[in-house]
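These protein sequence lines are chains R and G, in that order.
If you're matching positions, the first sequence starts at 1 in the numbering used here and goes up one per residue.
If you're matching positions, the second sequence starts at 1001 in the numbering used here and goes up one per residue.
Some hints could be false.
[Unchecked claim] Quick list of in silico lysine to any residue cross-link-like pairs, SDA-like style, CA-CA up to 20 Å: (1) Lys-1243(G) <-> Ser-29(R); (2) Lys-1342(G) <-> Pro-48(R); (3) Lys-1243(G) <-> Gly-36(R).
[What the hints assert, rightly or not] Covered stretches of chain R, as calculated for chain G (at least 3 residues, CB under 8 Å): (4) 8-22; (5) 34-44; (6) 64-70; (7) 80-86.
[To be verified] Not the full set, but computed from the structure, chain R residues with beta-carbon under 7 Å of chain G: (8) Ala-28; (9) Val-73; (10) Leu-89.
Treat the hints as calculated values from the structure; they're not laboratory data.
Glycine included, C-beta positions come from ideal geometry on N, C-alpha and C.
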Amino acid sequence: MEKLPLRVLVLHAGDDVGVMVGDGLRGASCEVESAGRKTALALATDVPFGHKVAVRDIAAGDAVRKYGQKIGVATHAIAAGSHVHVHNLDGLNAGLRGTTRETAHG
Amino acid sequence: MVESFHGYRRARGRAGIRNKVLLLPIDRYSNQLAWNIDQTVAGLTRFTCPGDMGRHASDRERLFHVMRGLAQNPNVAAVLLIGVREDFNYPETRAQRMLDALDDCGKPVETLFISHAGGMGLAGIQGERIARRLLRHVGRQQRQEVPVGDLCIGIKCGISDGTSGISGNPALGSAMDLLVSRQGTVMFSETTEIIGAEQLLAERARDASTRDRLLEMVARTERQACAVGEDIRSINPIPSNIKAGITTLEEKSLGAIAKGGTTALCGALEHAHAPEEPGLYFMDGWMAGNSLPLGLAAAGAQITILQSGGGDMPDDPPLSVVNPGLVSPNFFMSGNPNLAAKLEVGLDFDSSGVLLGTHTLAEIGEAILAELAAVASGQPTWGETQKFMETQEVWFDGPFF
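Can you make the complete structure from the sequences, with help from the hints?
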């Protein structure tokens, strides 16, 4: 199969993460596509195909946005260009046991 | 632009895209008789009944709706109902109730009771004769041109990954928007897969009762998980999703709800209940690929779709995960170029062009609808070219007694 160009798709302007199209290796340069604009980003970690990469620095405890919505909260500080996954991102209602809950919207 | 397909017009409701004779055992004892008939008669479709014994009333009621819905599905041209005797089951699934419900369905419904036939052996001989006669009868019907709006599509996503929310579900959603704009009907389900995104769906509800029912379905699912001491978020996302890049339930749900498109939500249906008017519907249901297509077919879908990410699928992915909805063909599609490259056969539609930037969502949407119309007009899906059919589970809440 033809090798895919190393692109990062940001699905909604203002999102904190984009989706890696292709297998990203640490140090590689990617093209970040957001709302029709393209910018360069160097990968700080490996990021597998289809996984998320931070397109800006994210502080621990900050909400993380994708699709223009909150998908979770950063459990550690995440530097731009880093893999965002279960090691540094938790759901909005982690550990919930039927108490009050927050939703992605708002 | 797709405006029509060639289907079998029915006396009631939508046109069929297949012309099946359904063997419908309504108790577990009758499964063997149905199997016996299926071994000697060619071209039948056979349900396997999980039985009603030891189940509580609302699960028995659900079983009734699944069986009735399969019989009423437009793809079914005739039904052979098989039972021990008329009054063998609990009231909810009793034969006479089923026959009353199918009384005005506009298709032949024959009955075969083991007790009246004089035991299994004689019932088998009688059943073969009835089934062969029904096959000859329905074989006289011919396809005619019908509006594409006669289609009712039931959709499910599976093995979601990072592509699902970009080139998978939104591509399918684009096609479903087109279908709804042409007076078609679309149903999606998987209550656990809207959690975290339910407010966005609720805002699209056509009326307050739809909104309230949708939110109650979500609350009920969360309560059920809590009742067994689990956070729903430890059940979903599944390990395969996480390996392929999905981190949280909210993220998975936001990608998943795109599969139904962007139109107003016309109703929140109980499992296996049919929508009454065209439009987009949510149907309560669980996330299992070996069960949900059956529920969607019972709600009237002539085609069920599995929109798969597939990032964590093995090479040459097994089609056992591509379950037909028994009476309704299953259409397997993906927006993941890596999965598409692995599958020499088996993928009914590749929407990865959206991810690769070679196609717009609008272009892909029209192409998906054209392919669905081809399937509706008779082209077998890849799944239909296989004999293997995993037994579909009816969705029960339990507990069991």
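A quick look at each hint next to the structure:
1. The hinted pair formed by Lys-1243(G) and Ser-29(R) fails the criterion: a straight-line CA distance of about 24 Å is larger than 20 Å.
2. Of the supplied pair hints, the one linking Lys-1342(G) and Pro-48(R) holds, its CA atoms being roughly 18 Å apart against a limit of 20 Å.
3. This hinted pair does not check out: Lys-1243(G) and Gly-36(R) have alpha carbons roughly 29 Å apart, beyond 20 Å.
4. By the rule of at least three residues with a Cβ nearer than 8 Å to a Cβ of chain G, the coverage given for the region 8-22 of chain R holds, with 5 such residues.
5. Residue count for the region 34-44 of chain R with a Cβ under 8 Å from a Cβ of chain G: 0. That is fewer than the three needed, and the coverage hint is violated.
6. For the region 64-70 of chain R, the stated coverage by chain G holds: 4 residues have a C-beta nearer than 8 Å to a C-beta of that chain, and at least 3 were required.
7. Residues of the region 80-86 of chain R with a Cβ under 8 Å from some Cβ of chain G number 3, which satisfies the need for three, so the listed coverage holds.
8. The criterion of a C-beta within 7 Å of any C-beta in chain G is not met by Ala-28(R), whose closest approach is roughly 17 Å, and the hint is violated.
9. Look at Val-73(R): its Cβ only gets to about 9 Å from chain G, farther than 7 Å, so that hint breaks.
10. For Leu-89(R), the interface hint holds, the least distance from its beta-carbon to any beta-carbon of chain G being 5 Å, beneath 7 Å.
Violated hints, in rising order: 1, 3, 5, 8 and 9; the structure is consistent with all others.
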